[in-house]
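Single-letter residue listing:
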Amino acid sequence: MNKILMNKKVIDKDEVVDNIDNSIYDIKDNCKLVINVDNSINSSTFNLGNNSELIINKNYKLNENEEEITINLNGVNSRVDYNFSTLVYDNQKYTINVNHNNISTISNIINHGVVMNDSKLEFIVNSSVLKGNKKSVLNQESKIIVLSKNNSIIKPNLFIDEYDVDARHAATIGRFSSEDIFYLMTKGINKEEAIKLLINGFLNIGR
Amino acid sequence: MLIIKNLKVSVLDKKILKGLNLEINDGEIHAIMGPNGTGKSTLSKVIMRDENYSVDGIVKYNGEDILKMTTDEVARLGIFLAMQYPISIEGVSNADMLRTALSIREGKSINLFKFVNELENAYDELNFDKNTIHSSINEGFSGGERKKNEIIGMKMLKPSLIILDEIDSGVDVDNLKIISKNILKYKKESNASLLIITHYPHILKYIKPDYVHIMNNGKIVKTGDYNLALSILENGYEASVVKEDNTCE
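Residue numbers (this note's numbering), protein chains in the order written: chain V, 1 to 207; chain H, 208 to 456.
To be clear, the hints were calculated from the coordinates, so they are not data collected in a lab.
Some hints could be false.
[Unchecked claim] Cβ-to-Cβ under 10 angstroms is the rule here; a few derived chain H residues that face chain V: (1) D257; (2) E258; (3) S261; (4) V262; (5) I265; (6) I427; (7) V428.
[Unchecked claim] Cross-link-like lysine-lysine pairs, in silico, DSS-like; alpha carbons within 25 angstroms at most: (8) H:K365 x V:K196; (9) H:K365 x V:K191; (10) V:K149 x V:K61; (11) V:K196 x H:K215; (12) V:K191 x H:K315; (13) V:K191 x H:K337; (14) H:K321 x V:K196; (15) H:K275 x V:K191.
Only a predicted model underlies this, so the values are computations on that prediction, with no experimental measurement involved.
Glycine included, C-beta positions come from ideal geometry on N, C-alpha and C.
Isolated chain V, as found in the complex:
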């Protein structure tokens, strides 16, 4: 990607935005950026300074889409919370790169997707810690529910070259349980509406 063409934006005070373009965002020391979007943010890079914080809440219901986001935790104690949910009818691919470039950095990456048909949904999460960046905390949780034939993929990658970190990753692809559907149906809810409730509930988790 030709980064020279990308805009560079500096965040030097706390900000909440509901719309972003392809850019490099520099979040300065002690600043916090909150992004709430329901439109694709295509490809963006975020550089975080000391004690800075990035919160991304994305709820998608899009056509075919591909996104790659890079988050560089450059400052001490910098932190990212990424909550993503997507309702999928077309092929979609999401790559999230999180680089822990300093000590005591925290990343919490949550991806939830419901695939309504035979489409392919991909979650590729690459979290990396270079040697020396101690006391970092990494959490990845990616879950996909498929309602039809499964073609989806999750790659929950952890690239860690440091012993003193707390890292965990979870990845599941599955279906709604028949017990959940039965329970809702015993209250008089038909199967279609029961599944709708479960889809909405699943996509709301983490919000």
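Using the hints provided, position chain H relative to the given structure of chain V.
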């Protein structure tokens, strides 16, 4: 009126119910007691049309053939099952579930203000934390709290036949009293019938049954009144049943 005739139920090749007969008239309270593994919970799930069972026989409610219906249709006939182990569902709230259930039954969206009022009242009457109205169903609840939550569902959905599957298990004495009081109050208002499934006669002290049935090996083997429950408490199941049927399987 619920009519069950010669009900035979199996899972895979295992026979669980082996020709069960039962009639519950409107407003009656029936208790089914029996040792573990005799098919008591199976009966409740078969009435609710759990698809995991193969079923043969007759089950009719107010003339409608339940065995031809789906679970939600049975529920909308007015049958409510308070489950033995109510599950938790992440992301779906009690309010979402009950509002959806009532809207489907009414065939239109319901009055939200009235709904929330009624729901809050139900929480109050069960001495239950109202902050959980909008949190995930049963998530983080104890066994006893889950049972209370089922009774909240009962009060909102206003059934005409209530099946209580081991409602007393996992519930302390104080909460069992609250649960029983709410069920009795609702029964008085609605003339609903009750089917109480239980190991122990404890709950029957609070909700006195008109009939007590002892179930063993997939059948009802003895029927009596409340005194039969007391006899079970004193003498156990074995001694309380004069075995009429000793045929080998």
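- Which numbered hints fail: 3, 4, 5, 6, 7, 11, 13
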